[in-house]
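K.L.:
Below, each chain spelled out in residue letters.
2 protein chains.
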Amino acid sequence: MSTNLASQLSLNHGGRILLAVMDGVGDIPIPEFGGLTPLEKAETPNLDKLALGGALGQQFPVGRGITPGSGPGHLALFGYDPVKYLVGRGALAALGIGFQLQHGDLAARINFCSLGDGEVILDRRAGRISTELCTELVEALKHITIPGVEVFVEPVKEHRACVIFRGAGLSESIHDTDPGLVGEKPLPVTATAPGAERAVEVVRQFIGKASLILKDKTPANGLLLRGFALHEALPTLTDRFKLKPAAVALYPMYRGVASLAGMAQYQSDPADLTGEIQAAKNALKDGKDFVFLHHKYTDSSGEDGDHKRKVAEIEKFDKAVPGLLECGFDVICITGDHSTPCPMKLHSWHPVPVLIHGGPQRTGWSRRFTEREAASGALGTFQGYELMSLLLAAAGRLAKFGA
Amino acid sequence: MSTNLASQLSLNHGGRILLAVMDGVGDIPIPEFGGLTPLEKAETPNLDKLALGGALGQQFPVGRGITPGSGPGHLALFGYDPVKYLVGRGALAALGIGFQLQHGDLAARINFCSLGDGEVILDRRAGRISTELCTELVEALKHITIPGVEVFVEPVKEHRACVIFRGAGLSESIHDTDPGLVGEKPLPVTATAPGAERAVEVVRQFIGKASLILKDKTPANGLLLRGFALHEALPTLTDRFKLKPAAVALYPMYRGVASLAGMAQYQSDPADLTGEIQAAKNALKDGKDFVFLHHKYTDSSGEDGDHKRKVAEIEKFDKAVPGLLECGFDVICITGDHSTPCPMKLHSWHPVPVLIHGGPQRTGWSRRFTEREAASGALGTFQGYELMSLLLAAAGRLAKFGA
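Heads up: the protein sequence lines correspond to chains A and B, in order.
For the record, in the first sequence the residue sitting at position 75 is 75 according to my numbering, with numbers rising by one throughout.
For the record, in the second sequence the residue sitting at position 383 is 383 according to my numbering, with numbers rising by one throughout.
Derived by calculation from the structure, the hints in this document are not laboratory data.
Fair warning: there could be bad hints in the mix.
Identical copies carry no separate label here, and so any pair may be met within one copy or between two of them.
Claimed, not checked - The calculated lysine-lysine pairs, modelled on DSSO-like cross-linking and capped at a C-alpha distance of 30 Å, are: (1) Lys-400 x Lys-319; (2) Lys-215 x Lys-296; (3) Lys-345 x Lys-400; (4) Lys-185 x Lys-49; (5) Lys-84 x Lys-316; (6) Lys-308 x Lys-400; (7) Lys-84 x Lys-242; (8) Lys-400 x Lys-157; (9) Lys-244 x Lys-345; (10) Lys-345 x Lys-242; (11) Lys-296 x Lys-242; (12) Lys-49 x Lys-142; (13) Lys-296 x Lys-185; (14) Lys-49 x Lys-308; (15) Lys-345 x Lys-288; (16) Lys-296 x Lys-400; (17) Lys-281 x Lys-49; (18) Lys-296 x Lys-209; (19) Lys-400 x Lys-316; (20) Lys-84 x Lys-400; (21) Lys-244 x Lys-142; (22) Lys-319 x Lys-209; (23) Lys-84 x Lys-345; (24) Lys-281 x Lys-157.
This structure is a prediction, so every number in the text was calculated from the model and none was measured.
Start from the sequences, fold in the hints, and give me the full structure.
P.N.:
In structure tokens:
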């Protein structure tokens, strides 16, 4: 089912919803834990109580067998079908560093590279220069001006940066200038479809001016552009579900995706779960009725393959649950944006457990918040983007369909 | 989710996949077995081990409540949505007898019939003549030539045969000539849509010449044509998922459907599971990375209502499992193309158990390969055509979606 129906039935009143995301929380059996997953191994008395008093299920962020990036994983949780609402890699790179993209912005990824005689590429990553050097080079490029557009250049990490062009009439129909091979020259800027003349002209000017600035900066004396993406504003959660949404997240990437959905940003002080809970309270005080709260470290420990640390991060989140309950939300949902199994050290396609507490639920079916309990929980198995309908329903924010 | 996304994300490297199909394996409780199904009744120590070390789920080949024919059931397992990828009955009849259809071939089913005075149909099945007589009549019809097209006539069974026209400009927009009633004349050949003039002319010539040949052959002195289907080549598993696929099947029908998906055919010698395992090994030796292996007799025993024989066929397959494991596949999937419950003696709409062994899985949830365990397995309940995504994911053959 698409969320269009939920959108049509949305009411502008009802309960207040917390969507708490333990990033990458889903996992697979860990041999060192005797076949238990980190969620099964962790001691989680508070989550256990929520599970018993709420309802569990499991969601596929994108589809069966599909491993989601963080962008699609979160868009799904916010009620967007991530296959329909595609966000380009250039745009995600910009969002990932906290750059507030506007509708019509053209974003691209920059790789600093090493060029030899005759402009031939010697190293597509300029020997993976330090982030410090990257930042220095970016400072120099920030002086570039192009008539009729604003140009923003931002460092990302090591040899990676990004550029955003803001102005009328831009297009993303532009070939990467990265040939993908050493021993070749950077490709000229060309259009992949008609109507991109203005964008091609802007990007050519940028590369021309940047090349002059970089030409003596060994080893990063050139640049390659790829992943051109024109940012199209998404309909917000206010447009779609009549919500007043807020985001509490420590990392720019997640703030970026939340801003796509039209969420107001709330700062956490201190930068931990205590600060995040206080930020959620502040959002409610301001009249917000939907808060997305992000806990990163379950994912990081999974990516590191550190199952013991993942257990510790789950237990840390568990200790924060009473604070979350005190905020005064009517509906609390706990889930992840994808699974990050420790044995894989990667995002995966495995379904993600979901817990909804609050509103009328088929309670008492599940005793713990685990993958296995979730698979046989009262909410069943569903697509990630369907979660929003369940949350709105629990909060009494959806009208009846038909008479 | 459609499989288009899996297609876009497919990698041309990764693990080797075995899709072993126990035809019609799903069943319902058998009273004589105290309410156990054949899978529950059978002793299957090898499948039990695979279940514990893998993950189970259940799939609907077409949709809830829909009983699939063998064509759609297998297409779904190969990753084609059988509602989208329709294969006409004429084409399936041709495939079913092992005829290698080419793109643009026009196939139709033939019924030999008995005609009386004034060409009126007395029996639409000519008293169900023997297959031997059918083959004799077909031999006579093979002499028919029509300028500009190749004509192939093949016997099927009893009064049923099929005809294939190969040539440019054919169309399937042709009315059946079978009026569906005795006491009526065969219908004239007419088009159901514009653009079928050439096909109408070809079919008229064929029927004219065939009628002359048959007119004294009591009781089968006439013929009726129906199910006109123009064969359109499907995108292959190589096109869609970058696989090098092979098929090991003893029956022409399954080889036919496999050839639609672009699978290379491997012969089994001897024509049993031992030979099939050897053929699978040969395919791997040739560099194939996807093998479809078909076991027919679970279906035949179900169609006969012989639950004891179905148990025996399941146990025979179980004994072949160690041989399958030795082949060196990275991912092994065991499932059926549909259920064939013994009490029904027919294909049915009941979901089909699926077992995936290999790759990162939520193992340890299921102790046996049965309908009941499958319904609460870690893979959940899904559409048949989604299985391919799960197999590609398990084999590490799908890239991440989005950043």
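K.L.:
Taking the hints in turn, state whether each one holds.
P.N.:
A quick look at each hint next to the structure:
| no. | hint | in the structure |
| --- | --- | --- |
| 1 | Lys-400 x Lys-319 | neither (37 Å within a copy, 32 Å between copies) |
| 2 | Lys-215 x Lys-296 | neither (39 Å within a copy, 69 Å between copies) |
| 3 | Lys-345 x Lys-400 | between (44 Å within a copy, 13 Å between copies) |
| 4 | Lys-185 x Lys-49 | neither (61 Å within a copy, 56 Å between copies) |
| 5 | Lys-84 x Lys-316 | neither (35 Å within a copy, 46 Å between copies) |
| 6 | Lys-308 x Lys-400 | between (46 Å within a copy, 26 Å between copies) |
| 7 | Lys-84 x Lys-242 | both (21 Å within a copy, 24 Å between copies) |
| 8 | Lys-400 x Lys-157 | between (49 Å within a copy, 21 Å between copies) |
| 9 | Lys-244 x Lys-345 | between (36 Å within a copy, 28 Å between copies) |
| 10 | Lys-345 x Lys-242 | between (38 Å within a copy, 25 Å between copies) |
| 11 | Lys-296 x Lys-242 | within (28 Å within a copy, 35 Å between copies) |
| 12 | Lys-49 x Lys-142 | neither (53 Å within a copy, 62 Å between copies) |
| 13 | Lys-296 x Lys-185 | neither (40 Å within a copy, 58 Å between copies) |
| 14 | Lys-49 x Lys-308 | both (23 Å within a copy, 29 Å between copies) |
| 15 | Lys-345 x Lys-288 | between (36 Å within a copy, 29 Å between copies) |
| 16 | Lys-296 x Lys-400 | between (37 Å within a copy, 19 Å between copies) |
| 17 | Lys-281 x Lys-49 | within (22 Å within a copy, 51 Å between copies) |
| 18 | Lys-296 x Lys-209 | neither (39 Å within a copy, 69 Å between copies) |
| 19 | Lys-400 x Lys-316 | between (39 Å within a copy, 29 Å between copies) |
| 20 | Lys-84 x Lys-400 | both (26 Å within a copy, 16 Å between copies) |
| 21 | Lys-244 x Lys-142 | neither (36 Å within a copy, 50 Å between copies) |
| 22 | Lys-319 x Lys-209 | neither (53 Å within a copy, 71 Å between copies) |
| 23 | Lys-84 x Lys-345 | within (28 Å within a copy, 37 Å between copies) |
| 24 | Lys-281 x Lys-157 | neither (34 Å within a copy, 47 Å between copies) |
In this structure, the earlier hints numbered 1, 2, 4, 5, 12, 13, 18, 21, 22, 24 are contradicted, and the remaining ones agree with it.
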